[in-house]
Structure formats: C-alpha cells, structure tokens
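Take the given structure of chain A and dock chains B, C, D and E to it, following the hints.
Protein chains in written order, with our numbering: chain A, 6 to 148; chain B, 57 to 202; chain C, 3 to 516; chain D, 3 to 491; chain E, 3 to 202.
Treat the hints as calculated values from the structure; they're not laboratory data.
Relax, there's no trap hidden among the hints.
A few chain E residues that face chain C, going by a derived Cβ cut-off under 10 Å, partial list only: (1) ILE122; (2) HIS123; (3) ALA125; (4) GLY151; (5) ALA159; (6) ALA164; (7) VAL168.
Ranges of calculated distance between the beta carbons of each label pair, as one might list FRET restraints: (8) D:LEU424 <-> C:TRP294: 52 to 60 Å; (9) C:GLN15 <-> E:ASP115: 41 to 49 Å; (10) B:GLY72 <-> A:ALA133: 49 to 57 Å; (11) E:ILE122 <-> A:ALA133: 51 to 59 Å; (12) E:ASP115 <-> C:VAL480: 56 to 64 Å; (13) E:MET3 <-> C:GLN15: 56 to 64 Å; (14) C:LEU437 <-> D:LEU440: 43 to 51 Å.
Note that the structure is a prediction, hence the values are computed from the model and not measured.
For glycine and all other residues, C-beta sits at the position ideal for the given N, C-alpha and C.
Residues per chain, in single letters:
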Amino acid sequence: MEFILGHLNYWFVIVLMMTGLYIVISRGNLVKKIVGLNVFQVSVFMLYISIGKVTGGTAPIFPTDLQGKIQIDPTIVYSNPLPHVLILTAIVVGIATTSLGLALIVRIREEYNTIEEQDILDQDAATAHAENLAHGDAMGGRA
Amino acid sequence: MRHHLILRVITKLLVGAIILFAFYVQFHGDFSPGGGFQAGVIMAVAFILYGLVFGVAQVQRVFPPWLVHKLLALGVLIYAGTGVWNMLLGYEFLHYGSFAPHHMSHGQHSGILYVEVGVGITVTGVMVAIFYAFAGRRPQLGDDDW
Amino acid sequence: MSSEAQHVALSLQDHLPVLQVLIPFLAGPLIVLLGSRTLAWPVAFIASFAAFVCSGLLLSQVMNGGFISYHIGGWAPPLGIEYRVDAANALVLLLISGISTVVLPFAKPSVADEIPQRHHTLFYATFMLCLTGLLGVVITGDAFNVFVFLEISSLSTYVLVAKGASKDRRALSAAYDYLIMGTIGATFFVIGLGLLYMATGTLNMADMADRIAALGTNRTVQAGFAFIIIGMGLKAAMFPLHHWLPNAYNYAPSAVTAFLAATATKAAIYVMLRFMFSVFQPDFVLDMGATWIIGLLAVIAMFVASFIAVFQNNFKRMLAYSSIAQIGYMLLGISMFNLNGLTATMVHLFNHGITKAALFMAVGALVLRTGTTFYDRIAGMGRVMPFTGAAVVVGGLSLIGVPGTAGFISKWVLVQAAFDNGWWWMALAIMASSLLAVIYVWRIVEALYLHAPNPEAEHQEAPLMMLGPIWIMAGACVWFGFDTELTLGTARTAAEALLAGSAGMAEIPTAAMH
Amino acid sequence: MDTNTLIFLAMLLPTLAMFGNMGFHNKPDLRDGFTFICAVLTFTSVVAILSNVGNATTEEISLFEVFPGLDIAFNVEPLGLLFALVASGLWIVTHVYGLGYMRSNNESHHARFFACFSGAIASAIGIAFAANMFTLFLFYEILTISTYPLVAHKGTPEAIRGARIYLGVLIGSSIALQLTAVIWTYTLAGTLDFTQGGILEGKVSGVLVPILLGLYAFGIGKAALMPFHKWLPAAMVAPTPVSALLHAVAVVKAGVFTMLKVGIYIFGIDFLAETGASEWLMWLAAYSIIAASVIAMQQDNLKKRLAYSTVSQLSYITLGMALATQMGVLGGGMHIAMHAVGKITLFMCAGAIYVATHKTEISQMQGLGRVMPITFAAFLIGALSIIGLPPLGGSWSKWLLMVGAADAGHQIMIGVLMLSSLLNVAYLLPIVGRGFFLKDATNNAVVGIREAPLLVWLPPALTAVGCVIMFFYAGHIQAFLMPITGVVR
Amino acid sequence: MIETLINIALFAMLITTAFAIVRMDHLFGVVMLSGVFSLLSAMLFVTLDAVDVAFTEAAVGAGISTVLMLGTIALTARREKRVNNRTFVPMLVCVVTGAVLIYGTLDMPNFGDPNAPAQIHVAPAYLNDSIEEIDVPNVVTSILASYRGYDTMGETAVVFTAGIGVMLILSGLRHRRHSLRQRLRLESRRRRKLAKRGQT
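The shape of chain A in the complex, shown without the other chains (with noise of 0.2 Å):
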C-alpha cells in the first residue's frame, strides 16, 4: 500500500507523458502535435519536480527578517531546489521549441496550404514523383 502510494504520483505522470506523446505521434496536425510535445514536456517536468518533493517540506526560499537578512530555522524542511532549477532551464528550452515549431507551421501553411501531415506527405509525394519521372531513368537503368 505504502509502494502503491508513494509511487502514485509518477505513475500519473507516466500516463500523462504517454499521453502527450501519443498525441505527438498518431496525431496529424501540425499545431496539434506541438500541443501533443507541450504535454508530454510539461508531464517530464513533473515528474523532475515530483523527485525534488521531500513530504512535509517547504519551497526552497529562506525567511528573511525586514532587513533581508537570512533567518535560519532548522526545523524547516526544505524540498530539493536542483531539479526547481533544471525544469526552469527546460520549460524555457520547451518555449523555445514551441515557437520554432509553430513559425514553420506558419511557413508550412504558406508553401502548402494546409497543416494536415497527410496533406503535405501527399503533396511531397507528388512532388517527388515528379521528379523521378524527370530524372530517375535518365542514368539508364536503375543500378
């Protein structure tokens, strides 16, 4: 029971990374497999700062006294500040990837007019047909 509980947590995260990541990989829309990558970053995230928790513990901010001195208790707990710092790195890196992705929607929304994946697959198959039957037999023969 204690196991079952005190793994709970991840394993709710687990379902959730799972789900982001499905929504990434079976999903055909570009903007929606960017939400799809949000999700499935944002469950990672969790999962880090679900490792930082110590029960009973507190956010990693010392009390200060008026002046801004540090006023050190030691009966507070504090949770785990390192993994506070590495998902403050990584939601900013997943901004990052967000806006990229979403600016080449945007551009791909220009060049083919849709932002369905099946689309584009089917426009650059065409395109590619094309172009072998300009150039594939030229060379005589395949090999």
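Here is chains B, C, D and E on its own, set in the frame of chain A:
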C-alpha cells in the same frame, strides 16, 4: 481592435503597471520566486498587449525592430560578458567571487544581478521579436471566425 | 571553494576548455549585435578558427591520456558544472571545430547562392550557435548541461535546415519533422536523466558513474539507460530512428548539410559512448544486452541504408542514406565491445566526418553550377569541373574504404575488432556491405564522368573559395589514410579510457584549477 | 645510384609521366615524347636495380608507418624484380604501339588515356616492389582505379557496362574478400611482411587455412580465377593497347603475382604442402584452365578469345602456386614472363588487324594473312609460345609446371596441362590458318587492305622475336628465380 | 494526506484535460485546453513546493505559448482533419515506453521520501552552504544564477536561438499572400534587375 475604446484605455493603464511589475520580478528574484526570465516574459507581455490593442505598427514605433534585435543579442552578451570579466580578473568563467575577492557573497550578489539583467533583456527581446514575426503575417481568419 | 587568499590567477591556457565553447558562443550574438552583413562572415570565421585552435591545443594536452577539468563558476563538481576534456571528446571537438572552420569559407559563395541576402547575418549567427551547441555537448562533464547545449544545437539546426526553403519548400516539412523527432529524442534523454538523478542525486557524470556503480542492479537506472540510449539514438539517426535524416540533409542548404552531416550525428554518437562507458559501466552495458541490440540494428542499417542509397537518383539523398549506413559502422564498433571496436568507432567518427564534409561540399559546388543534385542534371560535370569531380572520387573511395583513404583505416580497425571477437562472419558482412558502397559511389562517378555535360548547367569550375575547402577535406581523406598517429592514436587512447569505465573518469585530477 | 633511390625512381617516373600527360594535354608531341622518355628511364632504373642486386632479396625500406606493424615499405626480391622488368620493358613497346594505334584509329582523349596508362604502370611497379601485403594491397587498388577510365575509355554504353563489371568484380572481390583476408592475417600474425617461409605457420590451423586461402584466392580478382573471371572478357571493350599491356601483362600479372606472393611469403610453400590447404585450389585452377579454354574456342571475337585464353593461362600460375612444390612455384613465376611476352604479341596483332581492317571477328579474317604477313607471322609465333612449343619461351614454364605436378604426385595435373595445350592449339592456330590459307568467300574485304602502319606492326614483331629469345634464356630466368623457393639462400 | 488528495485531484483533472486534447479536433479548444493543462500543472508545481517553476509555467505555458498558438491557428486553420488510420503503432510505442517507465519506477524511492538519493547527495550542500556562500534567500536563484549559472547561460542562448530562428523563418516574403498590386510591383522590380544584369 481599434474600435474597442474600453480596451484601449485599460491597456494604457495596464502597460505601465505590467512594466513596473516586471522590474519588481527582475530585481526581487533573490528573495521571492522569479528572476530574469519571468521578468523578461512579463515585460514582453506589456509590449505584446500594447501591440495587440493598438496595432503592431504603433508598438514598433515605441520599440522598433532594430532595437529588439540589438537587445536580444545584448542580453546574451551581458551574461557571457560577466563571465569573461571574471576570467579577466583571473578567475574561472562565471566565478562571481572575483567581483569582491574578500567578501564572497557580495561578489555573488553582483554577479547574479548582472546575469539576471542579461537574461531579462534577452527574453524581452526574443518574446517581442517572436511577436513581431508572427504579427507580421496577415491572419487567415477574421475576428468573428472564432 | 578555495579561500580567496590562495587564489592563483588563471592563465589563458587554463581557460582553454571554456574558451573552446565561449568563443563561438560570443560570436553568435555579436554578429546579431553588429547587424552588418559584411562583418557577419569574418566574425564567424575568426571565431570558428579560434575554436579550432583551442581544440588543437586541448587535444595536444590529452592525446596521450589524462584529462583536463575546468570548474565553471569556480564551483567544484558535483555542485557546479564541470568541463572535462579527455582524448575521446578532444578528438570530436577537433573534428567539429575543424569542419566548421573549413565549411565556413565554402559557405560564403554557397550561401550567397542559396539563401536570400537579407538573411545572411542571422544565418551566420545561427551557424555559430549550432557550432557552440555541438561543442558544448561534447566537452561537458555535466549530464544536464549536455541537454542544454544539445538544445542550442538542435534548435539552430532546425532553423538552418528550414533555410533550404528558398530553394525547395520541402525543407520546411523536413525541418518540422526533424524538430518533432529531435524534441522527442531530447525529451527522452531528459527523462533518462531524471531517472538517473532520482537514483543517484547528482548530475555530474563522474559522480554519477560512482554512484551507479555503488547501486548494483537497479531498475530505475536500467530504465534511465534505455531512455538515454534511445534519446541519443534519435539524434544520432540510429537505424530505426533515422527517418528525419534523409529529408533534413537533402533539403537543407548545401553548406548546412556539409556541416551537419560531418558533425551533428557524431556528437550524438559521442554522447552515447560517453554515457554507455563512462557513466554506466561497460559491465552494466553488457548486462543490459545493449550490445546485441545495437549490433543487430547496426548491421541492418549497414545493409538496408546502403541498399536504399544504391537506388537513389539524387546525389545528396544518396549521401544521406550512406550516412545512416556509416553510422551503422560506428555503432557496430560499439557493439563489438573490445578495444579495437571502440577505436574503430572513434576513428570512423572522425574519418567519416571528413569524408562526408568533402562529399557534401562537392555537392554544394555542383549545386552552384547546375542548380540541382539529380544524377541526370549533374551528369558529365566531372569533365567541366575536374577538381570538384576528383574530390567526389576521392571522397567516394574513402566512403568505400579503399586503401590510401581515411575510410580504409576505420574499416581496417573495425574488421580487426571483428576478428578479435572471433566473428569472422561479421568481418565478411562488413566487407559485403562495403560492396554496396562500391555500387552507389560508382553510380555517381559514372554520372559525373561518362556522360555528356548537362547543357543547361554553367560550364565552369567552382570558385576557389569552394574548391579550397573541398580539397582540404579531400586531402584530409587521403592524409589520414596514411598518417594515422593523430586519428588512430587518439582514438585508441580514448577507447582505452572508455573501456576502463568510470576508472577513466573518476579520480579528481591533479591538474585541477586550484 | 643506390637501390632505394632506384625503386622510388621506378615508381616516380611513370607518375611523372602521368602528370606530364595531364599538364601537356594539348601538346601531343611533347606529351608523347615525354612519356616515351619516362618509359625508357623507368626500364633503365629497373635494369639498374637488377644490376645492383641481382637475384638477392634486399632489406625493406619503410616509407612510413601507417600504424604500428603496418607500414608502406618496399624491397626487391627476384619475383618482384622479374615482374617489374616485364612490366616496364613491355611498357616501352606498348607505348610506341599505343601511339600508332591511338593516332591511326582517331581515338579521343589521348592525354587522359596515356595519363591513366602511366598511372597503371606506376602502381604495377609499386606492386612489384611491395615489401608487405598492405603495400601490395594499396597499389593493387590504385591499379584497379587507374585502369578503370581506360576500360570505360570509349564512353559508349557497352564500354560503360564493361567498365562497371570490371570495377565491380575487381574492387568488390578485393574489398570483400582480399581485404578481409589481409586483416585476418594481420590479426593472426601481427605482421604482413613478406617473409621467406611464410608468416602464418603455427598461427592458424585446421579448416581455417583453406578458408583463409580461399579468401585470398577469390579476393585476388585480378588473377581471374573462375568464377571471378568475368571482368577480363568485359574489359576487352578497352582500346587494344590497354588489352595488350594491362590485360595481358600488368593487371592480370599483378593478380597472379599477388597470388604467388601470398602462397610463397604469407602461407609458405611448405606450410601449404604440409596442410594440404591448397589442394582444392589446385583443382579449381585445373578446372579454370580447361573451362576457359573451352569457352575460348567458342568465341568469335578475337579479343574475347584471347581474353579467355588469358583466363586459362593465368590459372597455370595459380596452379603452380597451389601445387606447393618448388618446381611448381618456379614454373608459375616463369610463366608470368613467358605468357606476358606471348600474349602481348597476340593482342598487339589483334590491334593491328583492327587498325588495318577494322575487323574484330575471327570469322571475317579469311585471307588477311596474305596481305598482312608480318602481323600474322608474329601472331603465329606468339600463339606457338602460348601453346608451349619449342623453341619458344612458353615451353619452358609449362615444362616446369609439369615437373612440379609430378613432384607433388598429382599426375592428373600433367594430363590437364597437356590437354590444355591441345585446346590452345585448337583455338589459336585456326586463326592463323584462316588468315593464311582460307580465301574470303566474297574476296572483297581483302581488297585495298595493307599492313598496318609501322608503329603498329613493329612492336608485335619485336615481342615475337622476344618469345624466341626467351627460349634460350629460360635457364637464366630459372636460376634468377631460384631464391624464391627458399632453396638457395 | 490532504496533500495527497489534492495531488490526486489535480492529476485527475490533468489527465482529463490531456484526454480531452486527444479527442478534440477544434484547434481553438485544443489550444485553450493546452493552456488549462499548463495552469493545472502550475498548480501542481505549487503543491510540490516549486513556486518558481509554477510561476514560470503559468507565464510561459498558459501565457506566451497560448498566445503564440492562437496566433498560429489564426494564420493557419481552425480545425484538425481527422485521419483515424494511425492508432495502432503510436499506441504500441506509448504502451512500450510507458511499460519501461513503470518498470523504472519499481526501484524508485517513495514519493517525498526525505532519504531518497536526490535528497541526501548534492541538494543538502546547496541548502546548507548557499547561505554562507551566496547569501540569497531564494536557493533556486542561487543555483540558477551561480552554482549552475552556466546552464542558465545556455538557456539564454536557447531563447536567443529561438528568437533569431523565428525571425529567420518568418521574415521571408509571403509570396502567395501578396495582393495583385504588390505582385505586379515585385515583378517589375525583378524585371528591371534582370535587365540591369543583362547590360553589365
């Protein structure tokens, strides 16, 4: 959205407050949650809001794109420059202790301050730049399509 | 943290590890800040060259064993981030910075031809960031720092690939696919790191290695291992995870392809090696049965990708598939799991890098004159561009592994490794897959020489700015086919350290900063 | 000059000729003259090496080390010296012939042609003087690559196809099999130096010995052992000078030379004899000899017929090695020289016929002997030498091979050799007979045909005379080669 | 216990949101749900004592990225076209990956365990020494800007890369979107340029 009078008035009031809040988050990050990154985002939000309500052209008059470009590079250079300065002082890269060799934490304080400013500037610049880039494209949908 | 009184001022020499990354790092924003199209290229080139010098100096310090540790911010690991240079990563650093220094002069005319002028400033800034990211990934001794720099390089790579869109819109979808796959890979890597952090409480690789060794069998660590290998496998285009690569390489601007093909996947392979051997122990890797899986995938890659390469009608795409096959050789070296095998991986990483750089730059020269990379359009160009054509031949021979070229050396060591394990059938398989290389290389040679030149093309040799870099790389292919002291010697030192596991990493260096 | 300098000179001069051809590509006379001088000087250097060292084996000189235990090194030993002499000597003749052939046939791209030709000679000399298997392999591959443009020279689809087969078989077999064998040897023995008595004894045993030998035997595609012989007929699309020098002398001889080197200095004859590892190779060689001869009989294209004849004759040399007896090896070594002179004569005659009449098929050659007597006389002498009749050079090497077979106790092989001689008669002499004695049915074709130009008919005439001379000097060659068997030290 | 219940409740909402994202094909709704997801996760981060992270996630996930996504769908399309032929392979991938992860959890320390390796190895050093060494109340800031300041510099570079990347990608001409007049003007300019090149 030129016709939304209330929006325009409130926006004008809000922008100042948001910028103020951004500065608070920037320089109070040592004591409470927040820091350069969050401050940068908030600062950018101020400009984005202004741009959304008054149009990109308006905000670009206040905050011209060329300045945005310079700023986003400048922030990174401030951060890395802090480290280079430490190196010039004969210490490791980003060893803020070098700013006050005899009082460790003072040096650390100034170091953190500088780099957080760098982060803030870059993040503001980048967010605004991204907004400009997206806003520079003509939307496919009108207001009422939602 | 030492007390202030004892602090000895560091010299430039001591700062080399951080300068290695810092110089290109600064160059990126500097180019943007200057905002000048004329200054962008010189700044980029100088920075890249300086990084090359740094890596040369670093390599000369560690090529006979030992390592340099640099504590960024003065915080000793595991509190702070550590840069740690040993033979393995010094060689990769040299490759990456060297390739970028050679590709940049080539890029100048190529980029001018392929990318609209108003983008040049930002293009070179992005290029510098990509270089920074790759160097940072390779040099660091901190596991999370790998992720941060990996993302710098990845993001800039997506952008660089997307810049091919001014010639072919498919560059955009290729970049998007790469972005999705790359981000999944990076996220897998982060998950793996999280699991490792959970089990060890540290992020420093050397520290992690000690703690993992102390843990014994631990399922969290095992899962972490799987995620890290798969995550890096995606970045390295390990066989079933390679789908992003052909399109990305094919539609990216020529200069970008030349740079990426020679460096990006190599950096990922290096990280894989580093984690497998230095963080997890060699024994752990064996217990996981990872060598068998990697070996199997490698062999499939060698044959399937080469086979696909044979049937391409597009030079660039053919080379992309050949890259996947060649990555198979590197992974095969890992799966051999002996000294020669790892040496082969390291040395092939280097040799294949220079070979592909030469070939992709030659492609760029052909694109400049003909506008495309299809066999029928570049046909006969070997006659009107004799030097470019000859470079293709030299690079192609190195790809096949003909003696007197760099590719031969790596193949030699790899086959030797197979014999060391008594796998003579594997030796034959390696050689048999080389036969496919003979076919796909020779198709392009025939196209270049045995057909009448395409009348629509510009009948002129590539400019000197391109020929120089192409021939530096082609020359390197030949040079390193004979002089193997640098490549093979360093690779062997690196392989020894890697096989020693954390023993090659653990002790606190005597040459520490203070 | 000391021997080391001469070795480098012998490789350098053809390389120089190669660059000369590229450099002076639009000054034909200067270019060809330069090449001729280089050819003469190359031969002179090889002769000078001969006068310096005789038939001794010299210390190896390492050019540099690629990695420990593996260097690019050269030395002189009798077999290699013989090969170098043959290759460089015949280069002079063939160059002269090539000039005549290319100019009277209006072939294109002379500069490229002669540049590659010189490059091929340089690598052949490199093979001859290689002191270890690695160096030999290096030059072996360079030889393949430098001859590729020669085969593809005409640029016709047929030439491209031929060149593809040529390169595919040669590079393919050498990379896939020979290189594997080389690396395996290196892993086993830790060295690749050619050592009297071999380096593998005691390092490998059991079934692995024949497997390793197999990797070598098939990997040395240039030796055209069946079933890796296809490239040789395919390469006949090349201009005749190429067929003459490269595909009768340099390339194929490089193959069988490598085969002998492997047998003598990597495995060691005694080791082979002891383990019986080469027995299967002997049978395969015997099969090749007969099968190729039978195929040759069915060819109507003269060059193709000669090509299959070459396949058959090369297997003599492989057989000599596989017999693993002193006499066999000697015979094989001598056959390199004897067959070279004989076959180059035949090829040059075929080229001369082509130049004069543009005929390639044997069935069209009725009566040509009477209008081209010198060419056909030379052809006859060459053919007789190949068949092995005294007083021509070919008889001696065949004799030694038979003695070797007897020594080894394989009387069947004597039978094979004799049968092969009969087959040789059957496919070579009818050509001459047709030329001299048959009348063309229409009789039109002969009208207006004259002997080919001087530069084209003189070289085969010279080599035909060479065939005769070699008969009388065979004893010298045998004595010269003696050290390779390890008897005289 | 209450913390646990809150956690479970938050996770339940998160999972519901995530599933709703999978099901929904109206992109505007998807984007909004993604914002909701970020806000919920920010709340979760608060209960897990990560206030800095919560702050950032709220600002970035619910703020900036939602705005960007809205901007994108404004420029592209509102609806996802449903192609439901690919579910098996993605499902398989997810199940296998999830299984590996679950396998990995089996040896994990319990959630919130104060004696977990992560709690006893490096983190205490930060918590104990940073007061003396850096003297900043927010330990996250100390680590972020000093102990691991180099990572943060890298992070800044990532942001910078994204910024110039978006500028590079989006600053091209929108050829298909030009009005007729613009197109004509561009055409004449190009022709003039060609003519000039012809003269020289």
